[in-house]
Each structure stands twice: as C-alpha cells, then as structure tokens.
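Heads up: the sequence lines are chains V, W and S, in that order. Each residue of the first sequence is one higher than the last, beginning at 1 in full-length UniProt numbering. Each residue of the second sequence is one higher than the last, beginning at 1 in full-length UniProt numbering. Each residue of the third sequence is one higher than the last, beginning at 1 in full-length UniProt numbering.
Bear in mind the hints are in silico, worked out from the structure with no lab data behind them. Everything numeric in this text was worked out from a predicted model, so none of it was measured. Even glycine gets a Cβ: it sits at the ideal position worked out from N, Cα and C. Be aware that a few hints might be false.
As the list claims (entries may be wrong) - Reference excerpt, derived from the structure (chain W facing chain S, CB under 10 angstroms, subset only):
#, residue
1, Y208
2, A212
3, H213
Stated by the list, open to error - Footprint (simulated), chain V over chain W, 3 or more residues, beta carbon under 8 angstroms:
#, stretch
4, 131 to 139
5, 145 to 154
6, 158 to 170
7, 249 to 262
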Amino acid sequence: MSDSYLDPRPARLSWPSRRAALRLALPALFVAILAFFALAAPGFLSLGNLSSLLLNNFVLLAMVAIGMTCAIAAGGIDLSVGTALDFSALAFVALLNAGSGLPLALGGALLAGTLVGAGNAGLIAGLRISPFLASLGSLFIGTSAQQLLSDGGQPNYLAPEARPDLAGARFFGVPLPLLAVAALAAVYGLALARGRFGRQVLALGNQPLVARYSGLAERRIAAWVFVAGAFACALAGILLAATVNAYVPMSGNAFLMNAIGAVFIGATLNRHGRANIPGTLLGVLFLNVTANGLLLIGWSFYWQQVATGALILLVLVFSFVGRRPGD
Amino acid sequence: MNPSPVEAARPRLGTLLLRRGALLAFAAILLVFALGAPNFLAPGNLANVLAQSAILGILAFGLTTVIVGGGSNVLSGGLDLSVAANLGLSAAVYATLDNAGYGAFAGIGLTLATGLAVGLLNGLVVVGFRLPPLLATLASMNLVAGLELVLTENTVLPSASPLLEWLAFGVWLGVPALAWVLLGVAALLILLIDCTPFGLRLYAVGEYPEAAHAAGIAVRRHVFASYLISGLCGSLAAFCSAAWFSGSTTGSGEMLLSVVAIAFLGTIFSRRLRPSIGGTLLATLLVGFMINGFQLLNISSFWVNGLQGVLILLVVALSGLSRKEP
Amino acid sequence: MSAAETPPQAVVLELRGIVKRFGATRALDGASLRVRRGSVHGLVGENGAGKSTLIKVLAGIHRPDAGSLLVDGRAHAHFDPRQVERLGIRFIHQERLLPAGFTVDEALFFGQERRLGPWLDRRAQRREAERLLEHWFGLRLPAGALVGELSSAEQQVLQIVRALIVKPRVLVFDEPSVALVRSEVERLLCIVRRLRDEGLAIVYISHYLQEIEALCDRVTVLRNGRDVAEVDPRATSPERIARLMVNREVGELYPKSAPAPGAPLLEVRGLGRGRAYRDIDLRVRRGEVVGLTGLVGSGAKELLKSLFGLAPPDTGEVRLDGRPLALRTPRQAVAEGIALLPEERRRQGVALDLSVQENVTLAALPRFSRFGLLSRRAERRETLGLIERLRIKSAGPQATVRQLSGGNQQKVALAKWFARRSSLYLLDEPSVGIDIGAKAEIYRLIGELAREGAGVLILSSDLPELLGLCERIHVMHRGRIAARFEAGEADSDKLLAVATGAVAQQETSVHESIPG
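Bound conformation, chain V alone (with noise of 0.2 angstroms):
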C-alpha cells in the first residue's frame, strides 16, 4: 500500500472502535432511567404497565429492527422497512377480508412483505444501486402504489367476523406476539453471530472488497440480506394489522427512525461496535421504556420525541466519538 502524506482517515463509514467504558456507560444510563422512573412514576413498575409497554411497543419496533439490523450488519440501510411492513398488513387485511382462511392471510402477507425485500435485493445485487437510494426509491413507489390503493390513505377495516385474535392469543401463557418476537430475534441472532451466512454478512458490512477477494458470493448475500430483512418486517405488518383491526396505510415508516436508533444502540454495546440482535433488542427495550416512562411523569407526546431524538444523537456521537483519528 502506497502511503499518502495525508490524513489517513477513511471517507468510508466503517464501525468505529470505542472505549470499554462507553459500553459500560450506556447500560450504566440505562439504569439509571430505568431507576429513575421507578422512582419518579408510581405505575412505571406495576405488572400491567410492563407488559403493556411489552406487548405494545416493544414487540413490533423490535421485528423492524431486528430486519433493519441485518441491512446495517451488511453495511447498508434499508428505508423502505415500512414499506414491507404495509403491503404485508395490506395483504393480510384483504385476504381476510375476501374470506380466505387464517393459514392463507399469513402466507400472502409474509410473501407480500417479502416481495418488497426482494425488489430491493434486485436493486441492489443486481442493478448494484446503492441500498440507500434503493430502498428510497422502493419506499416511493411503495407510497404511491399504497395511496393509487387506498384512495389517499383510507384505512381499511377487517371485517368484525374476520378478525383473528393473534395479538391477544396466549400458549402457555405467554402471548403469541412475544413468542413471534423471541422465535424471529432466536433464528436471526443464530443466524448473525454464530451461522455462516452471519459471517459472510459481516466480511461484507466490514468490507466488501475483501468479501469479493475472499471468494464470497457477495451480491447473493447482500440479497439474502435484504429479503431477510423484509421477512421480519412482514411479520410485524401482520401483528399491527391483527393488533388495530385494520391496515391503515403508509404507517410503517413511523418505526423507520427507532429501529435504525435501537441498531446503533445495539452496536454500541457490542464490543466490536457490530451490528447484532441481543443488542438491538436492548435498544428497543431503551427506547420503549424511555417513551413510556416520560409519558408517566407526565411529559406530552410532542417532548418525547424531543427527549428521544436528543438521546438517539448522543448515543450515536457517544459510539463514535471514541474512534480514533487515525484510524
């Protein structure tokens, strides 16, 4: 390698090293909020308020990032993670709608969420457009596609016979939206930190060069990746749907900015600063129980968004600042 008279830092994003003490300052703040609610809000602890804040919040933002973690862990984004999430409810909604049974409404959503994945993967593994701007340009015409649809943005109502008790069902107990988060995060976490295809993913976020170099299959991972990511977004499609009794359109992007927030929490937790699933989940639980816990002492909607995109920032500069210049 020629060295240059320069400045060597790279112009690319590459995940910073960081200091051991900010991975323990976050769960550190953590738990200061979390004591600092229990503390400041009566109710913050109480069972209903827990597993409400569980199954109401948590459970969908965590399938979204759990399929925005595998776009970030390839090295790319995916924007248009709402937009699977639509067209999976969407489908869902109509199939059930039409009369068709439970087993067929299920199968058509996770396939119509999947398909928007695997528009972008053409796009990108195949066209080579950059994730970014593929997955702008499928959440456009998504848009569109969901407003020629819905007259504007009408919702659509599930009829009250057809209406499936997913989101209330329990086994064992343990309700059906729980499993479905804890059976997706096992398979995909399997999938990242311990399976082949999670160490392909990763040469190919840290470099793709040397993917390409290694003799891997670069593109097909990076499609593999993106339905991937789909797939988990369509899941939450059909809980939304099944939890609210209809498909209301073009609500998917409201998760877009959380999920990505909770990846990074995520990375920043990790000792590498990778993009990985147990930390992802943490970072949705942060989010969650930050947005609960202002709204208890009292805070309006309008400051919590404040207050959560405040904490994003700092998180992410905390996560990058410990990189070092010449790196």
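Starting from the structure of chain V, add chains W and S where the hints point.
Chains W and S in isolation, oriented as in the chain V frame:
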C-alpha cells in the same frame, strides 16, 4: 455492497446518453403535457409552477450544497435529512413569533437563526464528532421535528404578516413573488458555488478530500459551511411555506424524500454528472411540471411519488451501469 | 522567488536528527538531510526505511519527537502544513491528488485560485493553464478536458505544474516516475534538471537507482530510520548504493528454491484482454515459483487479475491441472483453489475490523461449519495452528487485524489461503510496505508453499525479490510478454531494460520454448 467510489470519470457513451437523455426526457415530458393540456404552456401556468416549486427547490438547493461538499456517496458522503424538519421548525418559530407580536425584523432574524442553528448542530455532529451524515442528520431530523411539535402541538399556526402577504400574492413582471424567490436563491447559490473560490474548493473537498487537504484547503471548515448553508435554506424555504399555507403546517417532514429525490435527480442535468445548483433547479422544475401536468390532465397525483421513485432508480441504475467495476 | 538573496549552493533546507516514534516502533531514529539550492538531492531506502515518514514530517503531517527542521538556517521544532506552503516547499505526490471531475484549469488552481474581486477568474486560469503547460511541457490539452479523461502521465504533469504555480523554492518529488513509461520518464528528468537550473532545491525520491544516478547531485541513503550515508551517485556504483540500503548480502533473504518442479498446474495460452494484454503464454508447475514484472500499464496487473476471475479475458485459454477454466468471478477462482494476495492489502486483503480468526477462515467457511453454523472451536484450532506456522505476532486469534503491523497483516492475508488449502497462489507485490524481518518470513513461506507442491506466480516490481525467489521471470511490456529469463541468466538491469522497452522485444532470442 456499495459501489466503490468512482476513481476516474471517463466519458462513455452511456454517460453522454444519460446527459442528453435527461434533457430530451425533460423536453418530451413538457411536450406530452403541452399537447395533452392546452393551457399547460400558458405563461400564467408556467409562472405558477415556478412558484409552487419554490419550497421543494430551496430545500433541495440546501441538500445539494451539502452533497457537493460531502461527496455523493450516500452512506459516507454528504447528506442532510433534516432539511424538511428544519423547514417545519423554522416556519413554526416564525408563526409563533409573529403571533406573539414580535416585529418583522426580530421575527425574520430569529427564524433565520433557527435554520442556522439546525445547520450548526448538523455541522458540529458531522464535522466535530465525525458521525456519518446519514445517521447524524437522521437523528437531528427527529430532534428538530420534536421541537416543532412542542411549539405547535401538532396544529396549524396561522400567520399573516406583510412579508407573507407579499410572498403569497406579490407579482412582479407578471411573475409571482415565490417564483422570484426560487430564482433568486438559485442565482445566489450558483454565484457562490460555481463562481467563487469557495465553491471550487467545496467541490474539491467533496470529490477528493485527501487532494483538497493536500492542496491546503481546510476540509472540515468547508463541510461545516455546507451544513450552515443547508440550514439557512431550510429557514428560507420556511418563509415560502408559511406564505403558501398562510402559517406553519404539520407534516412538513413528508417533503424530505422528495427533496432527496430531486437533489439526486439533479445530477443528471449537470454536464459532468455531478451535483450542482443548476441541475437541481432543473430537477425541481421537472417534478413541478409533472405534478402540474398531472393535475391538468386529471391524473391522480398519487402517481407522482411512484414516478419519482422510478426516476431515481432509473438514474442511479444508468449512471451505475455506465461506471466501471472496481 | 527570494532565492536571489541566498548564495548559490547554500543549504536551503536541513533536517537534523529527526526522531519519530509510533507506539513502540521508531519510524525515524535520528535522520538528517541537507538540501542545497540549485541541486537535486536523491533520497533512497528500502520500504520501511523511513522515507515516507520523513517526507510527512517535512510536509507538516507528522510532528517529530525530536530533532529540528531548518529553513535558511532558521530552526523549527516542527512544521504545520500552512507554514510549509509559506516557506515555499511543495510536494509532487506519487498519488495523483486531483479530483477526477475537475477540468484541467480547475485541477491546477484549486486551493490557489486566480481571483477577480470575490470571484473565480476562470478566464485567467484557463489562459495561465494553457501558458504553463505549453511553457514547461509543450503540452496542449483540450479546453474543458476532465482530469479523469487524461492519461497517468498527463495527470502527473498537472501535479508538477500545480506545484510550480506558486514559485516554490524546494520541490519534493516522491516516486514521480512510477506511473510513467520510458519516454515520459526521460521528459520528467529533463524538466527536473531545468527546474534545478532555475535555482530550485529538489528532493527526489525514487526506487529506480538509474534515475538517481542520471539526475542527482547528492544522494542520502536511509536505513532503519537513520541516514547511513550521503554520497555522490556519479562516483558511486548503484550496487554500492543498493548495498548501503540493505546492508546485507541479498541472497540470504531468499529461501532455497524447490529442486524438482512437478506436474503443470497453470497453463495459459494466447490469452488476451482488450488493450490490456494479448498473446500471453505462461506456465506454472507444481512446486515452482514464477515471476512476473512490468511497469504500470504493461498489462501484468490485469493479467494477474484475469487469472483470479476479476477481469475476464476475451481470447485464449487457461488450464488448471489440465482442465480448461473460464474464470468470470473471484468466487469461481477460489472454488478452483486459486488464491490472490492483493497489493492493496488493507482494502482487499484483510478485513481490518475483523479478528485474525475471522479473517483466516473467511475463504474456507464451509470447512468450519455444519448445518450452516460455524464451529468456533474448529476455527480456533486452525487459526492457532496458522498463527504458529506463519509466526503471526498478535494478541491471539481474537485480536483485531487493524492492530497488527503491516507485515503481520500480510501474513494474515496469506493465512486465509493456507486455511483454504489453495493450490495456485497469485501474489501481487507481496512485500510492499512491510518491514525487512516480515519480508524474509514471507519469502520463507513462499518457499514452503512451493516445496509442498503449490504453484506460485509473483507479480512484483521489486526486481531483486524476483531474482531471489523465482525459477523463471516473465517481463511484460505494452501488453505482451517481452522476455522470459531463467533463474541465473537475468539481473536487474536486463529485466529493467526489457520492462522499460529499452531493449527491443527479445522473447525469441532468450527462450524459444516454455520449459517443462
């Protein structure tokens, strides 16, 4: 996974086609609309399109400046996702101040200061803390949008100052004031970026930071400046938006994706296929004409988003294919 | 130019006892350099001798830990980049530091623009660009041509003109001829002489001792971060300078080559790809180390890439173990047991933020996984074995590769292919940028590979390296193999003469048939 940075931009047939093709496509679209809707080419309608495009256009100029200074690689290059949220906050600040009875100068000054402050925050985080702009501005976008909500409680704040009256209804030489604002801001930025040493250095910083550094250019300061300019564009667009909607509006953040699309579309209108204010102006007008033409032809405006998406993908795919593999 | 005030032959620039440490290593250990006005001062040394660190200190990029820098006798503890410019010291970098999307005049003037009030005076810049190019180089470039459309040599010319615009007093050329062909090098030397005659002090860094001999008035030899000698190149033989650089007999660096090559492994016949290369015949047998060299643009690099599936050829055939291959992707190449050690190690060879273990097993993941899940124990065992065998100095399999030295990173890149059990090794400049100790170990490993029956094809511009390692060396010139030499019948001068085109194509006269 990302295409590696272009090392040498050799002109190829594809590139030439793309450049000429962009202008041809523009002309073709105009022609279709002109044939389909008789009053499309009426001076009044054209002026109207200009005025309608002011908000998106000025935001896209801000984003373009950031892309010029940061390079057009999306993940690591320049990006400002907070421009639209900035507009929302600035407009809310202006409406609040105006309603609270502040004078014209205080109102305008503080609004501009709001936009600059957002730019300052972005610059600080990107240049000072070295966050990738994509993440940094995504986060600041949320923060700024939250502040806007706090200020407006998610309602419309009506406002009707003389400035807004003039912007909304003023006409000079038969052209509405907003159209003049769009052209004026474009002219100023073209002067700044295409005609001054600052602009040339900004391009150098964006395209090849190591070379800029070696040439003694203060790389970080230039990148910082580009975020300030973008912040200022956010508040300038806020005046236009406040005039158009007679006050602050909710949901300004939804404009973001259109702005990003326009800024990236703009590159195909530049001679060297790089971000430029002139190219962005053309792209703004293209989108403006499309929306307008759809209205005149009674086609659902819901198609516009999708078409924009297809256009982005087409442009990127074409420019990607005309590029050599690493 | 304030040069008029200084008497001729006065020392303009002096570096005294510069020390620069990076962690535990001393990149510079008391290096000194004295440059006089109106003279060309050569600076030579092996890779890792401290040349680039010294230049970075001079450019104000690094702060020395000790020593001083004197300009016209005035001492500074360190420079900063702006000060360097004010003092009239300019650099002509080996890398072409020009934005590809800039026009010729923009590329010449960015950072030092001609102004008209607050505006860019594009017209003056264009005029002056034309004048300067014509005056110094007799070169006319189309108005509005973009840097990316120019040849390497033209871009190099732009870099030189850029430096001349501000009327410098000291010009530092860092390997300026690397990307140039012979005639352009001659031209470059003429220009440097002309600049010297106008009173500039010139520091000229080059690997090519012939250039140093032809050009320099004095030459400083750097070794292990110290200046070991300052000599007059005209009175000193290149061999002696080379010995000063290395301070050891070159022979002992290289392993004893394998005695008996085996069956043919790689056979290339009539291979061609566009304008990059054509009519390539090449054979590597098992247990054989074969060399390949050529200047930038000779097609050697593209040939190596083609053999790894990176740039598919359009004519000819490639056989591996007798089977014809149509390599279209690196993936196919790896599946066939072909390994590439790329020159851009930190970009293509190793993943810097992954651990040693993750790098080592990357090309052989199926070997370590069952049902799609990796066995970390198996990975660890393999990695520990290779760490020991290759003597990789690291904190263990979990150490991040970024923390390793260049030589150890290179060993990790090589270990990846050992773990893959590759049979054909394509090595692209395997010893660039690594210290002498690691170099010797890489050479040892290359010898080991050959003894174990692998085939090795080395592309290198380090001619002594090729001469020491290879049984046969192919020299490429303008897309063809211009000559083949057997070990023992070649020397650096012969190789260089063919590579630069100084000796006409002599393929037939050297060796008619491919041995084996």
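>> Of the numbered hints stated earlier in the document, which are not met by this structure?
In response: 6
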